[in-house]
Amino acid sequence: MEEPTRLTADVLVVGGGIAGCWAAIRARQRGASVCVLDKGPAGKTGAAKFASGDIRCFMPTDSSYEWVEEMVVGGDYLSDQRWIEVALQESLQRVEEMDRFGVKFEKTDGSYRREPGRGRVSLSVVFNGAQMMEAMRRETERQGARVLDRVFTDELLISDGRPGGAIGVNTRNGRVFLVEAKAVILANGACTLRANYFGQHFSTGEAYRMAYDCGARLRGMEAIAWNSSSRDYDTTGMSRFTAMGGRFRNRLGEPFMERYYPAMKDRAPVNWVVVAMAREVSEGRGPIYFDLTALTEEHHALSRKLIPWGTKLFERAGIDITKDRIEWIPSFQGTQGSAAGIAIDLDGRTNVEGLFATGDAGAWLSHGLGTGWGGSALANCIVLGARAGVTAADYALGITQPKTDAGQVRAFEETFFTPLSRQSGPLPDEVLFEIQSNVFPAEISVLKEANRLEKALRQLDRVEDDLIPNVATPDVHELIKAHETECCLFYAKAMLMSALYRQETRGVHVREDYPHRDNRDWLKWTYLQRQDNRMNVWAENVPEEAWKYVPAPTS
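Numbering (our numbering) for the sequence shown: 1 to 555.
Simulated from the structure, these hints should not be mistaken for laboratory data. Some clues are possibly wrong.
[Stated by the list, open to error] With a cut-off of at most 25 Å between alpha-carbon atoms, the simulated PhoX-like pairs for lysine-lysine come out as follows:
#1 Lys524 with Lys548
#2 Lys305 with Lys323
#3 Lys44 with Lys104
#4 Lys312 with Lys323
#5 Lys265 with Lys323
#6 Lys104 with Lys265
#7 Lys323 with Lys44
#8 Lys107 with Lys265
#9 Lys104 with Lys305
#10 Lys312 with Lys44
#11 Lys312 with Lys107
Build the full structure now, drawing on both the sequences and the hints.
See below:
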């Protein structure tokens, strides 16, 4: 095997999505040298590329209390209100900078056009997600960051007990890259288990296992994000469509959301919609349909501009959304846009010196046990990505480069490529299907219960013991998928263990065996960390300083 390609930087950013680009830009502006690794072409992959085109954007004329209250109630009182305030106060500044970078936002008479999404109060600036990421990639390179495309990364270099860079592998030719850095920012996204939602098949959770392996804490892993999609086609835009008047109907034609959430109806947070869908089907009123016939021509024109892939899909399938109801199903999104992830502070620091996280890799405490409101995920990405870049750069510029452990590099090369040498064994997709089969059913990850969760965990232990060690891959492409699948398995187990640990129903976390919210014993955040080579789960009280605006509930 040829020698690894060695690179050095003050700051290594793993992931070239919207949060990673912001982190790289800010780190360069602070004077740090920056290398960005992305397993796809940065700017062409990542969830933001396929966003429905909205960033929650607070203006000075808005009521901060109303916006914070909506998020706190939506997160069922587990939100950290300091996080919400930071995202609100800094979102407009980041949007204005992105405008200068060349991102094209919709405007009316020179002012940002803001549209409603999920929720009652908040508004979002709107744009096309594809051109946004192209502009962010250009600005990242213009600022002087080095961007390496198609380099898969799932292992940090550990030097003197802290991260000193990462090892990566080219996804096409298997070439090994060794990037030594003083600080590492994990911005490589969520874990969606490659589920049935548009534009998320690359979100396989490498960040969580990388952080876990070096001692970082994960937080809120029971917070599963769901969305919804056409049964027959991966699509997106549900938040935009419901804001325009889209309605969910059951088999009887009833607009059932008003039965569950009469105030917001179809504009309720998407996880609440999914719980309602599951209950409708379990009670015999399925299947579910999405009815867009009330949308105006102006609405359709805006949709074609902001989410062209969704509207083109229906047109090519022969579906006339002005007349036809579309059969609709829940879509698992895992940690994408949820509160789950690596435990970080307001500036992206983890509990491990030299390791930072942002974007979907980090645990956003603004969401609590909800999935936020329309545009809130991208708002967090742009604000916290910028903050993490500043913090990591300032840290890196104050220390010397740690020494790389040559033994770790040799061990990586010996083990990473092993599946290529096996003549037979399960393929990565076969293993992933086993993982999905024990997570996706509604009775496991929507309407939860201890016995079912424990059974699913036993099945995942079988996958870990019997299938993962025997995976065989014919080429580098499948080899990368094998390692992605291992990371998916890690996330699935972390999620189920945390879900089993939280013994109450709160927000998106519904336990049929604990059907009530417990404000006496469970106003807590859950954590997960490696201890004696196993997952240790515990909970800590929400700190008093997190209740800045809305007081903690007492009953």
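Hints and how they fare:
The straight-line distance between the Cα atoms of Lys524 and Lys548 is roughly 16 Å, inside the 25 Å bound, and the hint therefore holds. For the proposed pair Lys305 and Lys323, the alpha carbon gap of about 20 Å is at most 25 Å, so the pair holds. The suggested pairing of Lys44 with Lys104 holds, with an alpha-carbon distance near 17 Å, which does not exceed 25 Å. Between the alpha carbons of Lys312 and Lys323 the distance comes to roughly 16 Å, so the proposed pair stays at or under 25 Å and holds.
As the CA atoms of Lys265 and Lys323 are separated by approximately 22 Å, the hinted pair is consistent with the 25 Å bound. This hinted pair does not check out: Lys104 and Lys265 have alpha carbons roughly 32 Å apart, beyond 25 Å. Straight-line distance between C-alpha atoms of Lys323 and Lys44 comes to about 34 Å, which puts the hinted pair past the 25 Å bound. Between Lys107 and Lys265 the alpha-carbon distance is near 29 Å, which puts this suggested pair outside the 25 Å criterion.
Of the pairs offered as hints, the one joining Lys104 and Lys305 holds, with about 12 Å between alpha carbons and a cut-off of 25 Å not exceeded. Restraint check: the Cα-Cα separation between Lys312 and Lys44 comes to about 19 Å, which is no more than 25 Å; the hinted pair holds. The straight-line distance between the Cα atoms of Lys312 and Lys107 is roughly 24 Å, inside the 25 Å bound, and the hint therefore holds.
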